[in-house]
Amino acid sequence: SDGKLKIGLAGSRELSGSGSLVKVRFRVLKDLGIPVTISEVQLNEGEIPVMIMPTMVEDLAPPEEFALSQNYPNPFNSETNISYQLPAESDVRLEIYNLAGQLVRTLVSDRQEAGSYTVRWDGRDGSGKEVAGGIYFYRIRAGKFSQIKKMVLLR
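My numbering numbers the first residue of the sequence shown as 3 and each following residue consecutively.
It is worth saying that the hints were derived from the structure and are not from the lab.
Idealized CB from N, CA, C, for every residue including glycine.
Worth double-checking, as some hints may not be accurate.
[To be verified] Restraint ranges, calculated between C-beta atoms of paired labels, are given here:
1) Arg-126 / Arg-95: 17 to 27 Å
2) Val-110 / Arg-15: 38 to 48 Å
3) Ala-63 / Leu-101: 30 to 40 Å
4) Gly-135 / Arg-95: 22 to 32 Å
5) Glu-91 / Arg-15: 15 to 25 Å
6) Arg-95 / Lys-6: 16 to 26 Å
7) Asp-112 / Ala-69: 16 to 26 Å
8) Arg-15 / Ala-69: 38 to 48 Å
9) Lys-146 / Thr-120: 41 to 51 Å
10) Tyr-74 / Lys-146: 23 to 33 Å
11) Asn-100 / Gln-149: 15 to 25 Å
12) Asp-124 / Asp-93: 52 to 62 Å
Let's have the full structure, built from the sequences with the hints guiding it.
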């Protein structure tokens, strides 16, 4: 909402030692014409040197081929991410099916531009009810491309 990305890290022990604690790398999935900058880093652990490397945003070309990635995490117990790539603008359907082949939920049903996308599934059906743990399948159809992958929901 305020255009800022905030990352929090926490631990039960004080930091010690040397070397890098965190390296953050961003990849622009869709060019919105918005400049990306890192303007401030705050650490609440005393005297820790912070080095901000110059930020550079690469103009990413669209993917070369259709692809559906394995969901992550897998297995999962509350939410999982499903990523896919479109080399050209396409009508896309991304659906979740149970082991009996019944449609559980449609996550995407839209025309989308070429690019890389990630959709989160919260383990709920189309009416918002939590589904039972078990094996589920997700299928993407985009143009003439179609692929199915398996995932495991643990409850």
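Quiz prompt | Arg-126 versus Arg-95 beta-carbon gap, inside 17 to 27 Å or not | solution = Roughly 18 Å apart at Cβ, these two residues keep to the hinted range, so it holds.
Quiz item: Are Lys-146 and Thr-120 spaced within 41 to 51 Å by their CB atoms?
Solution: violated (23 Å)
Quiz item: Regarding Ala-63 and Leu-101, is the given constraint of 30 to 40 Å on their beta-carbon distance met?
Solution: For Leu-101 against Ala-63, whose Cβ atoms are near 38 Å apart, the range 30 to 40 Å holds.
Quiz prompt | Asp-112 versus Ala-69 beta-carbon gap, inside 16 to 26 Å or not | solution = holds (18 Å)
Quiz item: Val-110 and Arg-15, beta-carbon distance inside 38 to 48 Å?
Solution: holds (42 Å)
Quiz item: Asn-100 and Gln-149, beta-carbon distance inside 15 to 25 Å?
Solution: holds (18 Å)
Exercise. May I ask you to test the hint 38 to 48 Å on the CB atoms belonging to Arg-15 and Ala-69?
Key: holds (40 Å)
Quiz item: Is the gap between the beta carbons of Tyr-74 and Lys-146 within 23 to 33 Å?
Solution: holds (26 Å)
Quiz item: Could one say that the CB atoms of Arg-95 and Lys-6 fall in the range 16 to 26 Å?
Solution: Violated: the Cβ-Cβ distance is about 34 Å, outside 16 to 26 Å.
Quiz item: Is 15 to 25 Å a correct range for the gap between the Cβ atoms of Glu-91 and Arg-15?
Solution: violated (50 Å)
Quiz item: Asp-124 and Asp-93, beta-carbon distance inside 52 to 62 Å?
Solution: violated (24 Å)
Quiz prompt | Cβ distance range 22 to 32 Å for Gly-135 and Arg-95, holds or violated | solution = The hinted range 22 to 32 Å holds for Gly-135 and Arg-95, with Cβ atoms some 25 Å apart.
When the structure is compared with the earlier hints, violations turn up for hints 5, 6, 9 and 12 and for no others.
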